[in-house]
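*Asks:* The lines below spell out each chain.
2 protein chains.
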Amino acid sequence: MKKYAEMTKEELIAEREALLKRYNDFKDMGLNLDMSRGKPGKDQLDLSMDLLKYNNYIEDGIDLRNYGILDGIPSCKKLFADLLDVEPKNILLGPNASLSIMFDYLAQAYSHGVCGSTPWNDIPDIKFLCPVPGYDRHFTILEYFNIKMINVPMKSDGPDMDKIEELIKDEKVKGMFCVPKYSNPQGITYSDEVVRRIAALKPAAEDFRIIWDNAYCVHELYDEGDTLLNIFDVLGDYGNEDMVIEVCSTSKMTFPGAGISALAASDNNIADIKRRLNCQTISYDKMNQYRHVKFFGDVEGIKAHMKKHAAIMRPKFEMVIKHLENELKTRGIASWINPKGGYFISLDVMNGCAKRTGELCKEAGVTLTTVGATYPYFNDPNDSNIRIAPSLPPVEELDIAAQILCVSVCIACAEKLLETK
Amino acid sequence: MKKYAEMTKEELIAEREALLKRYNDFKDMGLNLDMSRGKPGKDQLDLSMDLLKYNNYIEDGIDLRNYGILDGIPSCKKLFADLLDVEPKNILLGPNASLSIMFDYLAQAYSHGVCGSTPWNDIPDIKFLCPVPGYDRHFTILEYFNIKMINVPMKSDGPDMDKIEELIKDEKVKGMFCVPKYSNPQGITYSDEVVRRIAALKPAAEDFRIIWDNAYCVHELYDEGDTLLNIFDVLGDYGNEDMVIEVCSTSKMTFPGAGISALAASDNNIADIKRRLNCQTISYDKMNQYRHVKFFGDVEGIKAHMKKHAAIMRPKFEMVIKHLENELKTRGIASWINPKGGYFISLDVMNGCAKRTGELCKEAGVTLTTVGATYPYFNDPNDSNIRIAPSLPPVEELDIAAQILCVSVCIACAEKLLETK
Numbered sequence: 310m311k312k313y314a315e316m317t318k319e320e321l322i323a324e325r326e327a328l329l330k331r332y333n334d335f336k337d338m339g340l341n342l343d344m345s346r347g348k349p350g351k352d353q354l355d356l357s358m359d360l361l362k363y364n365n366y367i368e369d370g371i372d373l374r375n376y377g378i379l380d381g382i383p384s385c386k387k388l389f390a391d392l393l394d395v396e397p398k399n400i401l402l403g404p405n406a407s408l409s410i411m412f413d414y415l416a417q418a419y420s421h422g423v424c425g426s427t428p429w430n431d432i433p434d435i436k437f438l439c440p441v442p443g444y445d446r447h448f449t450i451l452e453y454f455n456i457k458m459i460n461v462p463m464k465s466d467g468p469d470m471d472k473i474e475e476l477i478k479d480e481k482v483k484g485m486f487c488v489p490k491y492s493n494p495q496g497i498t499y500s501d502e503v504v505r506r507i508a509a510l511k512p513a514a515e516d517f518r519i520i521w522d523n524a525y526c527v528h529e530l531y532d533e534g535d536t537l538l539n540i541f542d543v544l545g546d547y548g549n550e551d552m553v554i555e556v557c558s559t560s561k562m563t564f565p566g567a568g569i570s571a572l573a574a575s576d577n578n579i580a581d582i583k584r585r586l587n588c589q590t591i592s593y594d595k596m597n598q599y600r601h602v603k604f605f606g607d608v609e610g611i612k613a614h615m616k617k618h619a620a621i622m623r624p625k626f627e628m629v630i631k632h633l634e635n636e637l638k639t640r641g642i643a644s645w646i647n648p649k650g651g652y653f654i655s656l657d658v659m660n661g662c663a664k665r666t667g668e669l670c671k672e673a674g675v676t677l678t679t680v681g682a683t684y685p686y687f688n689d690p691n692d693s694n695i696r697i698a699p700s701l702p703p704v705e706e707l708d709i710a711a712q713i714l715c716v717s718v719c720i721a722c723a724e725k726l727l728e729t730k
Numbered sequence: 310m311k312k313y314a315e316m317t318k319e320e321l322i323a324e325r326e327a328l329l330k331r332y333n334d335f336k337d338m339g340l341n342l343d344m345s346r347g348k349p350g351k352d353q354l355d356l357s358m359d360l361l362k363y364n365n366y367i368e369d370g371i372d373l374r375n376y377g378i379l380d381g382i383p384s385c386k387k388l389f390a391d392l393l394d395v396e397p398k399n400i401l402l403g404p405n406a407s408l409s410i411m412f413d414y415l416a417q418a419y420s421h422g423v424c425g426s427t428p429w430n431d432i433p434d435i436k437f438l439c440p441v442p443g444y445d446r447h448f449t450i451l452e453y454f455n456i457k458m459i460n461v462p463m464k465s466d467g468p469d470m471d472k473i474e475e476l477i478k479d480e481k482v483k484g485m486f487c488v489p490k491y492s493n494p495q496g497i498t499y500s501d502e503v504v505r506r507i508a509a510l511k512p513a514a515e516d517f518r519i520i521w522d523n524a525y526c527v528h529e530l531y532d533e534g535d536t537l538l539n540i541f542d543v544l545g546d547y548g549n550e551d552m553v554i555e556v557c558s559t560s561k562m563t564f565p566g567a568g569i570s571a572l573a574a575s576d577n578n579i580a581d582i583k584r585r586l587n588c589q590t591i592s593y594d595k596m597n598q599y600r601h602v603k604f605f606g607d608v609e610g611i612k613a614h615m616k617k618h619a620a621i622m623r624p625k626f627e628m629v630i631k632h633l634e635n636e637l638k639t640r641g642i643a644s645w646i647n648p649k650g651g652y653f654i655s656l657d658v659m660n661g662c663a664k665r666t667g668e669l670c671k672e673a674g675v676t677l678t679t680v681g682a683t684y685p686y687f688n689d690p691n692d693s694n695i696r697i698a699p700s701l702p703p704v705e706e707l708d709i710a711a712q713i714l715c716v717s718v719c720i721a722c723a724e725k726l727l728e729t730k
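The listed protein sequences correspond, in order, to chains A and B. Start counting the first sequence at 310; every next residue gets the next number (the working numbering). Start counting the second sequence at 310; every next residue gets the next number (the working numbering).
Hints in this document: simulated from the structure, not taken from any laboratory. Heads up, none of these hints are tricks.
Remember, identical chains collapse to one label, so a pair may be satisfied in a single copy or spanning two.
Listed next, the in silico BS3-like pairs over lysine-lysine satisfying Cα-Cα at most 30 Å (straight line):
1. K318 - K730
2. K511 - K436
3. K351 - K398
4. K617 - K362
5. K649 - K351
6. K362 - K351
7. K603 - K362
8. K612 - K387
9. K351 - K583
10. K664 - K583
11. K362 - K612
12. K583 - K671
13. K464 - K478
14. K511 - K481
15. K336 - K664
16. K330 - K311
17. K351 - K671
With the rest of the complex left out, here is chain A:
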């Protein structure tokens, strides 16, 4: 198959006709396939049902059913401390979603500042750095607090550090969101060099905070996954212990709606956050914390459990990749990264063709993540990025959905090229 760029007008018209015929055949199937969100499939949820079989809720003589223990039960703090390789004293357990931890932390910075700094809401026009493409829910939080988002392009080993080192000279830049391992949506893991350069940042804003959303810390697809340098091991080398707030959760380990979340941070940040937590809650769900400890046992237990998820997820990723390889590569109209973990595949199509691809998919019964959502303000400057979430549909549905996606990409690109012929 020729690259589209090398095709004549006539060849493109013929190609488009062939594509439309195939597309309409799919359309006639009246499908309803969802590749929009990183939702685990039912078979993944079934992996964790034993979580519910533990019903002794006494730990160290404390009745976990009752009030109290603001920062989480010791055994569960240790489990997450081991998982994130920090001290238990630097862990706070949270509600059922790390999203809430991040939102509540921004809310605290907004009303009270961080560690005694000026409340962010008293400083006009503050900004946050957003590696793009990125996670739409991070952008939603920043938009809620009216914090201006600045795009930082992702490279193959993490965000563009030259650009970041330049941007943080602006004291209005108060922080940055990062998904350092198997990034959402590209599945990129930050290299040691990038992590070190982040740890070494010298922002003009003393209250600069990096939200280190380690959502996919143990979410490998293959036996040998990527390794991420533990940023807390290097922050101290640069006197930046307080610069990073790390979060993670069991949302994609056990139950997305009923897991537990955790935050890791320096002693100063933990104390600062606990001052707010003391007013906001009495304790999070300790019974659920206990169930997770009993279910996983230890970090090795978590890793063994995640291998079961991988066995379910791997064929789904490979099915999508297979079709991308077969149908898009030779046409030279799209690029993507084959992730070794995480929940998404990020597809970059010819500029100006992403939205149209989304429309075509929708018409044929395939729902993608809203095209544009991977950029702040839904504004993908090139209209080229599409996030594919293969986790929810069964493999046989993905087989069809991926073909529909590929045909839609081809049609959108062919149309685009014909505009200028």
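Model the placement of chain B on the given structure of chain A, informed by the hints.
*Replies:* Chain B only, in chain A's frame:
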């Protein structure tokens, strides 16, 4: 026994000697009894263990283990709608504590205002009305957001409405916290007249909000409990539909640390709150919502369950009341209300004697709620109020604890009177 006020100096000295002897005998027992917080006892927690036996998590074909359903599952929304006698569309289910709902709502008002009003943080010196004595955690939230608290004395049928109607003429007064049924700590239920006068308020502040903390809505101690007029039934009569945010939870029905909470409000308020929730979380714990629906079945199931709690709580309240009657009444140095529900007994001792009573109790191994905590800023102007929380200790321990409390009150009052003889 003579009233202390009528005793001569010599009689008081003799009385104090006798009291101190008894007090020291208690002290020698080296006890450690806790009447500080409204913590249910273990036998109460055991009542709800069947909650954990349900493990089918499909409702209306939706897998409740997964992401989604921001405002809670329909069956559980209906359960709380029936409990609070509102429409399910006016219910939002929350996290494991209604305290978080209240904190997050104040945080939203602080950063974004309510229903489009000016963010409260942009208005200097705003104030909230606090019926006193009241719930310390309400005060903590207001203090966190630097909202000035104004005491409003409680009367036998609710807060002093004349005072409230006067105070709300100040547009800086943005709201009020109420515990309308079995108030914390007095156990007073607002009369229909008080509820109507609250519903009819015409505050100068258009964004005036009443946090209607109905924490003890079904927490009767006796078969015939108090009845509270449903404020949502009368708000409309005065065009005040948006003025009240009601909250409740299962903290004292099932598991304090692992229950579910709910908010009831007008369509406008629900829409306003959901705009924030959309940024803060994906969903709260739907599996726990489902367990509660299965466990209770319906409102009648909740009421039947609460009778089991009452059977455990009633003897504890009666044990404390018995000692108050026997030891304090005749001496004329204290007053209290015998509540028909809730979790507390509020004891008012001679002015200037509450803190000293707390110290004496502490020395003898009895922990009370920090004296003063029932007033904003821990400032009880008369130093007279003591909150007694009888739920946690077994009855036989309460027997001793209540005696120690009474002896301590008597000593503190005798000392006080002797100062002026």
